[in-house]
Structures are given as C-alpha cells and as structure tokens.
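Chains G and B, in that order, are what the protein sequence lines are.
Per my numbering, the very first residue in the first sequence carries number 1; after that it's consecutive.
Per my numbering, the very first residue in the second sequence carries number 1; after that it's consecutive.
Accuracy of the hints is not assured; some may be wrong.
Copies of the same chain look alike in the list, so a pair counts if it works inside one copy or between any two.
Derived DSSO-like pairs (lysine-lysine); straight-line CA-CA distance at most 30 Å [as the list claims (entries may be wrong)]:
hint : residue 1 : residue 2
1    : 164       : 140
2    : 110       : 164
3    : 13        : 164
4    : 110       : 147
5    : 157       : 35
6    : 157       : 14
7    : 110       : 13
8    : 50        : 85
9    : 131       : 18
10   : 18        : 114
11   : 50        : 210
12   : 164       : 35
13   : 35        : 140
14   : 210       : 35
15   : 121       : 131
16   : 164       : 50
17   : 147       : 35
18   : 140       : 157
19   : 110       : 121
20   : 35        : 131
21   : 35        : 13
22   : 18        : 164
Calculated from the structure, these hints are not laboratory results.
Protein chains: 2
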Amino acid sequence: MERHLDQELEDLKKYLLKMGTLVEESISESVEALKVLDSERADQVIIDDKAIDEMENNVDEMCLDLLALRQPMAVDLRFITMAMKISTDLERIADLAVDIAQRVLELCGKPLVKPLIDIPKLTNLAQQMVKDALDAFVNKDADLAGKVILLDNQADKLRNLVQKELIEDYMEKDPSAVSRAVPLLLVARHLERICDHATNIAEDVIYLVKAEVVKHHPEKLGG
Amino acid sequence: MERHLDQELEDLKKYLLKMGTLVEESISESVEALKVLDSERADQVIIDDKAIDEMENNVDEMCLDLLALRQPMAVDLRFITMAMKISTDLERIADLAVDIAQRVLELCGKPLVKPLIDIPKLTNLAQQMVKDALDAFVNKDADLAGKVILLDNQADKLRNLVQKELIEDYMEKDPSAVSRAVPLLLVARHLERICDHATNIAEDVIYLVKAEVVKHHPEKLGG
C-alpha cells in the first residue's frame, strides 16, 4: 500500500509539472504574440487553453481517487488537497495568458504605442515565479518558495512602472494613444496577477513544509 | 458516525455562508467608499481582509479534519474538497474588494471623473452572483448555479460599457481626466473578475450535482 501511494504521488507531481510547462508556454506565447501583434498566435493561446482546463479536471480526479482509495494521512493528505488548489491556480494563470491574447487581438492592426521593454521583463519574472513555485511544491522546498514570495515586490514595481509610463508619457500627452495604451496597461496587470498566483502557490508550500516539520517535531506544536 | 459527519458538514456549510456574507460586505463597502471617496472606509476594507484570510485557513483545517477523521466517500468527499477550492475563491474575491479599496485611495482628494452609474449596477450583479453561487453550493442547487453562469455575460457587457465610456467620452477628450479615469476602469475589471469567481463556484456546483446524479443513477455513468 505504502509503495503504491508513493508511486501515485510521484505520478501526480509529474502531471502537475507537465501542466506547469504548458502554462509557462501559454504565458510566453501570449507575450510573443503581443511583441509582433500576431493574431494567429494569439488565437492559438486561446485554443490551447482548453487542454489546460482539462488537465485541471484530471488533477482533481487523480486527487479524489487518491483520497478515496488510499485514505492518506497528515502531510500526504495536505499535499494532495494542495495539489487540487494548485491545479486551480495553474488553470487561472492560463486564463490570464488568454486575457493577454485577447488584448493582442484588440491591438492587432494598430501600431504599438511604444516599444516593449518592461513588459518582457515582467513576463520573464512571471514565468520564473510560476516555475519556481511549482518546483518548490513538488520538492517541498520552503527556501525556494520563500524566494518566490520575495520576488512579488519586484513584479508590483514593474507593473507600476509600466502603468505610470503609459499614463504620463503617452495617454496624457496624446489622446489618440489612449485606446492602444489601455490594452498594454491591462497586459501588465494580467502579468502581475500571474505573479500573485505564483506567490499563492509558494505560500501554500511554506504552509505544507511547516506541517511536515510539525509532524516530525511535534514538540514545536503550540510552543 | 454518519450523524457526526452530517452535523460537521452542516457546520462547514454555515461557516462558508458566514464567510460569504463578510465577503459580500467587503464588496459593497469598497464600492460605497468609492462613491463618496472615503479613505477611512477604504482602509477598513483592507483591514477587514485579514479576518477573511484567516477564515480560508479555518475552512481548510475543518476540511482536512473531516478528510482525515471521517474518510468520507463519493459526493461527501467531492463536497469537502470543493469547499476548500471555494474558500480560496471567496478569499480571492475579498482580495479584489481590497483592490477596489486601493483604487479608492488612489482617487481620494481628486474629483470623480464622472457620476457612477454602471459601476453600482455591476456591483449589485457581482454581489448577487457571489451570494447565489454560494447558496447553490450549500444546497447543491444546479438550477441556481446555472442562473449564475448565465449572468456572467451581463457582467462582461457592463464592464465593456464602463471601459468604452471612460476611454471614448473622457480619456480621449480630456487628457487631464486620464489619471482619474484609469482607476475607475480598473474597478470595473475588479468587479467583473469577482463575477468570474462566482461563475467558477457555480461551475463547480454543477459538477458536484452531476456526480451526485451519477452516484444515485450509476447506469448514467459512461452511458
């Protein structure tokens, strides 16, 4: 029984990592589509989202089976229920990539209001945070999770920078730029929200690892 | 044992409804603060969010205890794991009320760019959707959940209306209005995202009720 559960948990981790890889690709593809205003590429992100939605359901079913058939205890129980929450976060991150793709479709056919500098930076940060948060989860690595949480500040700063520049240097100076600037401002917010989801995952990891510490050192409970 | 589980599920439902009531209050308080640009009232929404964060943790602990001690099966198992996902949705909705409160703080001291008409409408819709989605969950009412999902279209339309008006009638006509119009545009997006969360909850409910139908009529499985 024990060996089965270990193997199934391993399968669950692999599946979550696979889902994470697809989600990271959605993020990068949506922003690549933005850089060159490629509507076909944006459409593809929207189409690919269906597969990610299905993966969320699959994670849920895997977890429900594990809960029903293996009746796991303590840290395994927490790990499995967190996997269900994390699959929702991953699915919502993919939805935000779809949001970015929709902004691309709004912008297609019009010239970009400005060259993209901080948005690609924020994209790299978002991808790194999602990847690290998920790695931290499957490896129960609280240090890595802590690093993800610290990066969230940087994401807020980059988003504010993009927003301030778009408002002060473009929208307030040239009314004809407004309708092209608003979608970019929203892209920065979508990306920052992706970072928020990564932060949520990282916070869950720290909670999970703490529970494990408590399990192994019960004297730390209620101390 | 059965009677205990029923009672504990009842307690869980009551607690979720209580959490839902506080979340609805956060939404309405954040928009009331917006209407009169009251920074103290906005601050209070931000302060009150801590209690809601804690409630999410409490729901998780209640659910983990139920899973560990009662080892529930089938629909009860699904109900409990969904309660954990829904508590996260409620917590994120409260975070969006905090986002609205932060937009209020950005706007304080400046006159509102326009009288609020569609934003209060969108607020009422968001509150109704959250309330109905949660009621649908605790009563396993698929019809009510279906109604919530249908309302999401209306939320999208109201948000687009607010955005279009702010861009075309204010920002493009008066550059000095931009910095006061952007926060309002974002408030409409925060409210629409609250409606998205309510829709997510409603979709979960339909999935849950379907599982129950399948449990009671196993002939419908794989038919």
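Hint-by-hint comparison with the structure:
Proximity of residue 164 to residue 140 under the C-alpha cut-off of 30 Å is found in neither arrangement, the shortest distances being 38 Å within a copy and 46 Å between copies. Within a single copy, residue 110 and residue 164 get their C-alpha atoms as close as 22 Å, and across copies as close as 17 Å, so both meet the 30 Å cut-off. When the C-alpha separation of residue 13 and residue 164 is checked against a cutoff of 30 Å, the pair qualifies neither within a copy, at 40 Å, nor between copies, at 44 Å. Neither within a single protomer nor between protomers do residue 110 and residue 147 lie at most 30 Å apart by alpha-carbon distance, with minima of 39 Å and 38 Å respectively.
For a Cα distance limit of 30 Å, the shortest separation of residue 157 from residue 35 qualifies both inside one copy, at 21 Å, and across copies, at 28 Å. With identical chains, the CA atoms of residue 157 and residue 14 are never at most 30 Å apart, being 33 Å at best within one copy and 40 Å at best between copies. Neither within a single protomer nor between protomers do residue 110 and residue 13 lie at most 30 Å apart by alpha-carbon distance, with minima of 43 Å and 51 Å respectively. Taking the closest pair of Cα atoms, residue 50 and residue 85 come within 30 Å of each other both inside a single copy (19 Å) and across two copies (20 Å).
When the C-alpha separation of residue 131 and residue 18 is checked against a cutoff of 30 Å, the pair qualifies only within one copy, where the shortest distance is 11 Å, while the shortest distance between copies is 35 Å. Taking the shortest Cα distances, residue 18 and residue 114 never come within 30 Å of each other, neither inside one copy (35 Å) nor across copies (48 Å). Taking CA atoms no more than 30 Å apart as the test, residue 50 paired with residue 210 passes between copies only; the shortest distance there is 21 Å, against 35 Å inside one copy. For the identical chains of this complex, residue 164 and residue 35 are neighbours both inside a copy (20 Å) and across copies (24 Å), given an alpha-carbon limit of 30 Å.
With identical chains, the CA atoms of residue 35 and residue 140 are never at most 30 Å apart, being 36 Å at best within one copy and 45 Å at best between copies. Proximity of residue 210 and residue 35 under a CA criterion of 30 Å is satisfied in neither setting, with 42 Å inside one chain copy and 43 Å between copies. For the homomeric pair residue 121 and residue 131, the shortest alpha-carbon distance inside one copy (16 Å) is at most 30 Å, but the shortest distance between copies (39 Å) is not. Taking the shortest alpha-carbon separations for residue 164 and residue 50, only the inter-copy value of 29 Å comes in at or below 30 Å, while the best intra-copy value is 34 Å.
Within a single copy, residue 147 and residue 35 get their C-alpha atoms as close as 29 Å, which meets the 30 Å cut-off; across copies the closest is 39 Å, which misses it. For the identical chains of this complex, residue 140 and residue 157 are intra-copy neighbours only, at 28 Å inside a copy versus 43 Å across copies, given an alpha-carbon limit of 30 Å. With identical chains, the CA atoms of residue 110 and residue 121 are at most 30 Å apart within one copy only, with a shortest distance of 23 Å there and 32 Å across copies. Proximity of residue 35 and residue 131 under a CA criterion of 30 Å is satisfied intra-copy only: 22 Å inside one chain copy versus 41 Å between copies.
Taking the shortest Cα distances, residue 35 and residue 13 never come within 30 Å of each other, neither inside one copy (33 Å) nor across copies (47 Å). Taking the shortest Cα distances, residue 18 and residue 164 never come within 30 Å of each other, neither inside one copy (36 Å) nor across copies (39 Å).
Going down the numbered hints, you'll see the structure goes against 1, 3, 4, 6, 7, 10, 13, 14, 21 and 22, while the others check out.
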